[in-house]
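Enquirer: These are the residues of each chain, in order.
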Amino acid sequence: MASAPAKLPAWVDIGLLPLINVALAFVVSGLLIAALGQDPFEATWIMLRGAFGYQESLGYTFYYTTNFVFTGLAVAVAFHAGLFNIGGEGQAYIGGLGVALAFLAFDQYLPFVLLLPICIVAAALFGAAWAYIPAYLQAKRGSHIVITTIMFNFIAASLMVYLLVNVLIQPGQMSPETREFAAAAWLPYMHEALGWFGWEVAESPLNLSIIWAAVCCVLVWGLIWHTRWGYEIRAVGANMSAAIYAGMPPARIIIVTMCISGGLSGFVAVNEIMGVHHRLLLDFAAGYGFTGIAVSLMGRNHPVGIVLAGLLFGALYQGGAELAFENSAFTPDLIVVIQGLVVLFSGALSYMLRGPAERIYMALAAPRAVEA
Amino acid sequence: MAEDFLLVILTFDATIRVSVPLILAALAGLVVERSGVIDIGLEGKMLAAAFGAATVAALTGSAWLGLLGGMGVSVLLALLHGFACITHRGNQIVSGVAINILASGLTVLLGISWFSMGGQTPPLTGHARFKSINLPGAEAVADVPVVGQLYSELLSGHNILVYLAFLTVPAVWWLIYRTRFGLRLRATGENPAAVDTAGISVIRMRYLALIICGILCGIAGSYLSTGHGAGFLREMTAGKGFIALAAMIFGKWRPVPVLLACLLFGFLDAIAIRMQGVELPLVGEMSVQFIQALPYILTVVLLAGFIGRAVAPKASGIPYVKEH
Amino acid sequence: MPVPGASASDPALELRGINKHFGPVHANRDVNLSVPAGTIHGIVGENGAGKSTLMSILYGFYQADSGKIEIAGRPTAIHSPEDALAAGIGMVHQHFMLVDNFTVLENILLGAEGGALLARGMASARAEVTRLEAEYGLEVDPDAEVGELAVGLRQRVELLKALYRGANILILDEPTGVLTPQEADRLFEILRSMRARGVTVILITHKLQEIMAITDNVSVMRAGEMVAHRETAQTTREELAELMVGRQVLLRVEKTPATPGAVVLKAEGLSYVDDAGVTRLDHVSFELKAGEIVGVAGVTGNGQSELLDVLSGIHSPDEGRLTVHERVIDHAHPCDPAEMRELNLAHVPEDRQRMGMVAPFAAWETAILGYHHDPAYTGPLLLKTNAIVDDTDGKMSRFDVRPPNPQLTSDSFSGGNQQKLVLAREIERQPDILLIGQPTRGVDIGAIEFIHQQLIEMRDGGCGVLLVSVELEEILSLSDRILVMFEGRIVGEVDGAAADARTIGLMMANALETDGEKTGQGAVV
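Protein sequences, first through last, are from chains L, F and H. The opening residue of the first sequence carries number 1 in the numbering used here; numbering runs sequentially from there. The opening residue of the second sequence carries number 1 in the numbering used here; numbering runs sequentially from there. The opening residue of the third sequence carries number 1 in the numbering used here; numbering runs sequentially from there.
Isolated chain L, as found in the complex (with noise of 0.2 Å):
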């Protein structure tokens, strides 16, 4: 921006600010629910409980973050580059599609330390390949990729029915969805495995590829911030001048970030789909990618923020569910509505306090610097 009077301190701007914004969210949360007639911090109360309180409300939290980290952390890497990936729901559900068939194809044959890789792989491919047309048009032809990332989010439900519908559908089944998968190729559920080492816990949908997204999150720490890839990506995204200067390719650059990007969203489908379905069906990767816009904002587009807003909105989304469960005046939707007010306050009004914080910390500073 042209006026930056004042520079705050790193641990205002990153830390404090974005603090404030997500507690503004939380505060707004508060007053609906009040405005509802409940108590909002009853309800806080039963949230916390139902996400964090026993073990298959932990397992349900950590399955929902496992998806949020993943369409958090491809929101993020786009947006280093300068670009705005919200087709993270279309990408999510075409990824879906790639390990569906790479299970109807091998899942028959193969055995599962290969069909993990060629799974997960698949995934990948088919975000990546759904993000790549966007990416193109915008680095070739200049074609506004929030736009043509909508669109493609529509492109991608409508395929999806007509494959599930005429394609892939099991014979002689009513409902859109493949046969199962044989048994031998799921990705085993958390319970299962910690039950291998004699740890007992409660059953939830909770699988590996947690594992994965963790493994996803120190990937993208180091592509961003220790490969010159990462240095070519951020430089891109901050300053183009500076990057043609630099003589570094901004049109492939774009791409390849996007594939990226496109790639991470793919993964929502090896938890989903090869976790805990084990089938593809219609809307299975529904909000996850728009939610992932929520986690990277709150998240600062950094893995670590990643994680932490990955686990506020999971906590959200399962004490939602029990909250619903527990008192019917609300409803799934009420995590909904925070989520749009953590997008409107950490994201659209993130600017809105630094004004005023600028004023504060410069009639802080001044006194100060006169001293001094």
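It is worth saying that the hints were derived from the structure and are not from the lab. One should not assume that every hint holds.
Here are the simulated lysine to any residue pairs, SDA-like style, with alpha carbons at most 20 Å apart [as the list claims (entries may be wrong)]: (1) F:Lys322 <-> F:Phe83; (2) F:Lys322 <-> H:His21; (3) F:Lys322 <-> H:Glu82.
Listed next, the stretches of chain L that the computed footprint assigns to chain H, with coverage defined by at least 3 CB atoms under 8 Å from CB atoms of chain H [said to hold, decoys possible]: (4) 244-254; (5) 313-327.
Note that CB positions come from ideal geometry on N, CA and C, so glycine has one too.
Since chain L is already given, all that's left is putting chains F and H on it; use the hints.
Expert: Below, chains F and H alone, put in the same frame as chain L:
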């Protein structure tokens, strides 16, 4: 033959009905983008307006008060967009996403809290709905082949909001091309610095455009719940806001082409179901999903520059900062 | 301050004691100005002298910190362009404030529509514009789309806009910067006809020949101050050039005569047309030899930036040939900045904020920009962060970058320290060719000396240095040869030792009619 003709007329009749919200929302998007503000929150505003209109109509029994309620809700969301993007120079895309998510959650949350009907509003009857208007003589000429059928089936028998939507097209055209406001609006979206140096407030122009956008999205949403339907259903906009966005781009930000794009997309929607299992010459059986995806595919092809060039207003998406 | 009494008429405009600060910069310092009604008044000064700030205050973009404005003898508060327009002030900006996809008439009408509906305003505007066009000789088709018009015609639209609003004080900011000489002549005729009808014209320009040709009075600004007022008839170009540049002592840098070696870079008839279709480089030819500093002088916007862009591989030439060592670059054989670096050509860009660094990057990240593929900095997979940080540490201490902390973000350093960091990055690799633009822009005095010393050392080490600067003094004190650019052409070449500011200044304004033209010609290969 006569039956085929009736079928064609009925298809066009359905086209008109599904096109109405598209036309209103696309024109809303047109006005606001012409001022240089990107709004991907058309969907959310429409949805919130549908809920607002149905709620007020259910409580008061008046469709007209419902319409006012719908417009009010939609304008408030538009002003929120302005507060974030114009006043605080926030990211316009992020703000639009926030509004869509908020509308999606709030409509159901409040609906359940107020009406306990699983997110729906009570069914609207009587004056709480906009009723079909039979144009004079429609009954009398219904049996006259072609002309009579056209009149009675296609032109007559819609509710007032349908006629209003079609009148909005020339009205918006007139507003942006024939009035002082329109001249300033178009200039604001192309070169806000020129507007500023001419002594006109860019911020004021953009807020005014957002208010108009809110009103039009409000009518679109009200139509869905109090005209076309008889109450609010969760997610009842079902992506229409995005199809409207696509139509706005497809019509290259000009009212008449936008109208045609909306009719085209509405037509695709109307025939999608009828085409199920129908063998067409040359192409064979068309899948419903392909027809449903066609508006989005066409828009991407257009954006890619393969069929003409869709050039957005130059300043759209960029917060205005005085720099001299 | 005494004000010239060239005209018996009352002043149309008076400024008294105008002050304006931007942070630590005192952009206008106690500026006084009196412009007699119905005259053409020139304001000259170098880049950054404060002319544009003063006019922006007059047009309501900025508020003065202190001072008074009187229009036709009445104190007038101007808080916005609206106020300025109401006071009868019109302004033609350097970058036109026109809506490209509007017609001429629509542009003129914007903000002065004469009613809520366009039809009536449009009709009366058409009549009025036709009248104005005839009266002032401002022919332009009212129904043409502005984006389709040539630059000179667009400027007429700006003039019509101002006249249509009834402006009787018209400010023109560098109006001929984008015009051909013929268009400029037409503009002057129009300005004279305006004066004849009582309009007061304020002309801001660098070009002394324009001042001499058209103004009645002239005021000179330097470093934010109004240093002189003259009656044009009683001054000379030479005097004005001296006043503009000032009589500051030249900071001559100690240096021995150059011993140029082989040609390292050769430009033959280089032309470059930008995206808007404007020819930015017009058949530029020159040679750069090892062990010499060639200075490129010129008023901003005469093709120097584009010259650097083409020479560094950011843009490819549309015509002509560029030879760097053995590599030949032309339209069919483009080059990119990465390859140029491999050819051992380094580039310190004019605008380090926009190009030379990435603001949110840590200093160590900015310190490898463009060299991030170097195996010293990156392994097969990971950046060698520790090695880079150590390397940056070394650069920072050798170039005295303060604070010497490679982890700080690039934008947290002062301008001079940023520049030293960029300079360290580019010259520590011992390039054969160094392109450097505005090496000391926004840099404090101490750092200036240091940077100049580095450049001389580079030269003495056998590097061919091409120095682009709008600071004439810098060019004069460092260069072994000086090229002068004007409108994308090289209009003169002067030996560094024999050069003086006045001659170069006149060449920069293309006002030296002796053999400046001759040198400018014949570069086509």
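Enquirer: State for each hint whether it applies.
Expert: Now the hints, each set against the structure:
{"no.": "1", "hint": "F:Lys322 <-> F:Phe83", "result": "holds (18 Å)"}
{"no.": "2", "hint": "F:Lys322 <-> H:His21", "result": "holds (17 Å)"}
{"no.": "3", "hint": "F:Lys322 <-> H:Glu82", "result": "holds (15 Å)"}
{"no.": "4", "hint": "244-254", "result": "holds (count 6)"}
{"no.": "5", "hint": "313-327", "result": "violated (count 0)"}
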